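Asks: Given the coordinates of chain A, work out where chain B with the ligands should sit on it, guided by the hints.
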Amino acid sequence: MSSNQVIVLEKVNKWYDDFHVLKDIDLSVTKGEKIVICGPSGSGKSTMIRCINRLEAHQKGKIFVNGTKLTNDLKNIDIIRKDVGMVFQQFNLFPHLSVLDNISLAPIWVKKTAKKEAEELAMAYLEKVKIPEQALKFPGQLSGGQQQRVAIARSLAMNPQIMLFDEPTSALDPEMIKEVLDVMIQLAEEGMTMLVVTHEMGFAKTVADQMIFMDEGKIVEQASPKDFFTNPKSDRTKLFLSQILNH
Amino acid sequence: MLMRLLNVSNFSVAKKWVHKNLFSSWASALITIFCFYIILKIIPAGLDWLLFSADFVYNFRGEQIIDRTFCSKVIEPGQHGACWAIIIVRWNQFMYGFYPVEEIWRVNIVFALTPFALLPLFFDKVIFKKQLIYFTFIFPFIAYYLLYGGPGLTEISTSKWGGLLVTLFLGVTGIIIAFPFSILLALGRRSKMPVIKSVSVIFIECIRGVPLITILFFGNIMLPLFLPDGVNVDNLLRGLVAMTFFAAAYMAEAIRGGLQAIPNGQLEAARALGLSYWQSTIQIVLPQALRISIPAIVNSAIGVLKDTSLVLIVGLFDLLGIGRAALADMNWMKLSHEVYAFVAIIFFILCFSMSRYSLYLEKKLKTDNSI
Ligand SMILES: Nc1ncnc2c1ncn2[C@@H]1O[C@H](COP(=O)(O)OP(=O)(O)OP(=O)(O)O)[C@@H](O)[C@H]1O
Ligand SMILES: [Mg+2]
Numbered sequence: 006m007s008s009n010q011v012i013v014l015e016k017v018n019k020w021y022d023d024f025h026v027l028k029d030i031d032l033s034v035t036k037g038e039k040i041v042i043c044g045p046s047g048s049g050k051s052t053m054i055r056c057i058n059r060l061e062a063h064q065k066g067k068i069f070v071n072g073t074k075l076t077n078d079l080k081n082i083d084i085i086r087k088d089v090g091m092v093f094q095q096f097n098l099f100p101h102l103s104v105l106d107n108i109s110l111a112p113i114w115v116k117k118t119a120k121k122e123a124e125e126l127a128m129a130y131l132e133k134v135k136i137p138e139q140a141l142k143f144p145g146q147l148s149g150g151q152q153q154r155v156a157i158a159r160s161l162a163m164n165p166q167i168m169l170f171d172e173p174t175s176a177l178d179p180e181m182i183k184e185v186l187d188v189m190i191q192l193a194e195e196g197m198t199m200l201v202v203t204h205e206m207g208f209a210k211t212v213a214d215q216m217i218f219m220d221e222g223k224i225v226e227q228a229s230p231k232d233f234f235t236n237p238k239s240d241r242t243k244l245f246l247s248q249i250l251n252h
Numbered sequence: 053m054l055m056r057l058l059n060v061s062n063f064s065v066a067k068k069w070v071h072k073n074l075f076s077s078w079a080s081a082l083i084t085i086f087c088f089y090i091i092l093k094i095i096p097a098g099l100d101w102l103l104f105s106a107d108f109v110y111n112f113r114g115e116q117i118i119d120r121t122f123c124s125k126v127i128e129p130g131q132h133g134a135c136w137a138i139i140i141v142r143w144n145q146f147m148y149g150f151y152p153v154e155e156i157w158r159v160n161i162v163f164a165l166t167p168f169a170l171l172p173l174f175f176d177k178v179i180f181k182k183q184l185i186y187f188t189f190i191f192p193f194i195a196y197y198l199l200y201g202g203p204g205l206t207e208i209s210t211s212k213w214g215g216l217l218v219t220l221f222l223g224v225t226g227i228i229i230a231f232p233f234s235i236l237l238a239l240g241r242r243s244k245m246p247v248i249k250s251v252s253v254i255f256i257e258c259i260r261g262v263p264l265i266t267i268l269f270f271g272n273i274m275l276p277l278f279l280p281d282g283v284n285v286d287n288l289l290r291g292l293v294a295m296t297f298f299a300a301a302y303m304a305e306a307i308r309g310g311l312q313a314i315p316n317g318q319l320e321a322a323r324a325l326g327l328s329y330w331q332s333t334i335q336i337v338l339p340q341a342l343r344i345s346i347p348a349i350v351n352s353a354i355g356v357l358k359d360t361s362l363v364l365i366v367g368l369f370d371l372l373g374i375g376r377a378a379l380a381d382m383n384w385m386k387l388s389h390e391v392y393a394f395v396a397i398i399f400f401i402l403c404f405s406m407s408r409y410s411l412y413l414e415k416k417l418k419t420d421n422s423i
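Keeping their order, the protein sequence lines are chains A and B.
According to this note's numbering, the first sequence is numbered sequentially starting from 6.
According to this note's numbering, the second sequence is numbered sequentially starting from 53.
Each hint should be verified, as a subset may be incorrect.
Which stretches of chain A does chain B cover? Using the computed rule of at least three CB atoms under 8 angstroms from a CB of chain B, they are [to be verified]:
#: 1; region: 40 to 54
#: 2; region: 102 to 114
#: 3; region: 212 to 221
Going by beta-carbon spacing under 8 angstroms, a handful of chain A positions derived as facing chain B [what the hints assert, rightly or not]:
#: 4; residue: ASN58
#: 5; residue: LEU60
#: 6; residue: ASP83
#: 7; residue: ARG86
Note that these hints are calculated values from the structure, not bench results.
All of these numbers come straight from a predicted model, not from anything done at the bench.
Where is the CB? At the ideal position from N, CA and C, for every residue including glycine.
The shape of chain A in the complex, shown without the other chains:
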């Protein structure tokens, strides 16, 4: 395992009771790499990336993040979560806290940053996602696109080295998708390691270093975007691409 590899999955298997969700997943991600994951609903995309920050536990195989092995050891889980940020489809902001408090909460409580410093940090990230003027509002007062940008800022405020995105734009109205993707593209340009589950193929073509197609709990195809879109090998990938690109 080279020191360049920040995420390694070796023969990872997961079951929900009898249901085999992940089947022998192998994956390695190098520092700064952007991976876009797509596949039909229920294929296990969310489950796979949620295993990487241990929101779900796998039952067989090994997962390493920055060289730390994911086990039930709570200390390891804490270490990994410091390095891995996550953005969800449903934003999952804390509705009782202002935008500023949403972002500064984790730095204050997890990193023990002083409140004033954490708020300055929060403002800096709000500038980065281009909504500093919303700092004192509550999540319920923002549009979906703004909420998702706050969620990205909240995650970035913990200064992660890896960002996981689980369909960050699927819950958004079409006119708001771009503002979120723009922030993600900017993040990619800054060299962040990113794993993105999305069906935004335009975004994938722009930023992905690798495309992954999953079906029925397996990685069916992994290729550079060029090969993936112009010359897919498996029939299932072809079918999926024809469906998604012609809709």
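Replies: Quick look at chain B with the ligands alone, frame taken from chain A:
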């Protein structure tokens, strides 16, 4: 309402309102007329009994009332007003029980200070909130010293406490101690750790599955059997423990409802950010869950306060117990209407203010931007 109706400059608006709300259909018109009839019958008669024809200190002949034989209604069959003298003459008992008269000032100080200790707990914007919070934390010790006694103050055994003092002591202390306890129980019930979960479930279900009287008897009669010889737990304290357990179990169920309303996604986001269980519980779950469960919590608190009146069966003289003691007094027998009406009015004032408080809170939280 009446004032509003009269103030309506446009009479037709009033007519519309009356029509829409009182006479919209035949059935509703009948009910309206029936209700007006009842109100017209009851209110004047009620006020007459309560106030206009009632005796307070003197009877209708102008004599000071010192026992029931002086009550107007006892002297003269035509008189039918209430005889409040039983409350006035025994006022100290109703308020303080058998607390020695020369020491009652101590209870009065506690009564007077209690609102200041409670203010910062119940209201957000209080002047000198910071200083008051300190006071809130030392108040239990001050109250204990004043009520029970200690260096410099005569000791007054809790068997002498009674009346409103005991009702408030059991109700307020019980609810306040039970509150944090109920939060832990509600969290425990949802815990993934089997031991914690089953202990919480068993505690809550056992207490809720049994009438309060049973718990009081258990505390009173059984508890001493389990304690080593010579350890004598105060009777009032046993009552307090029973009330606290009872309140905690019911409030825990109220809070559980609020906990269930928090979407799991928020907890996942918190975990992904690295927050620990307790950090996300305190920062994210509880502020929202408690808000949601306020009406249910206050509802159970009102129930608990009313249920304090059951302690009379284990020999504690709360407000109702003192009332019954007054009725057992040869000099004041047969004035049960007055006694029960008085006790009911006091309980009504306490419970009604709690329910108004909960309405105030709900309104306040609704106008908060954050929801
Ligand atoms: N907690 C759970 N318990 C049982 N089954 C689950 C659970 N979570 C997911 N599953 C099942 O596992 C499978 C994979 O789910 P997953 O959410 O990873 O799919 P996905 O590829 O992200 O799909 P989508 O595009 O709909 O988000 C699905 O069939 C789902 O029903
Ligand atoms: Mg998914």
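Asks: Against which earlier hints does the structure fall short, listed by number upward?
Replies: 1 and 3
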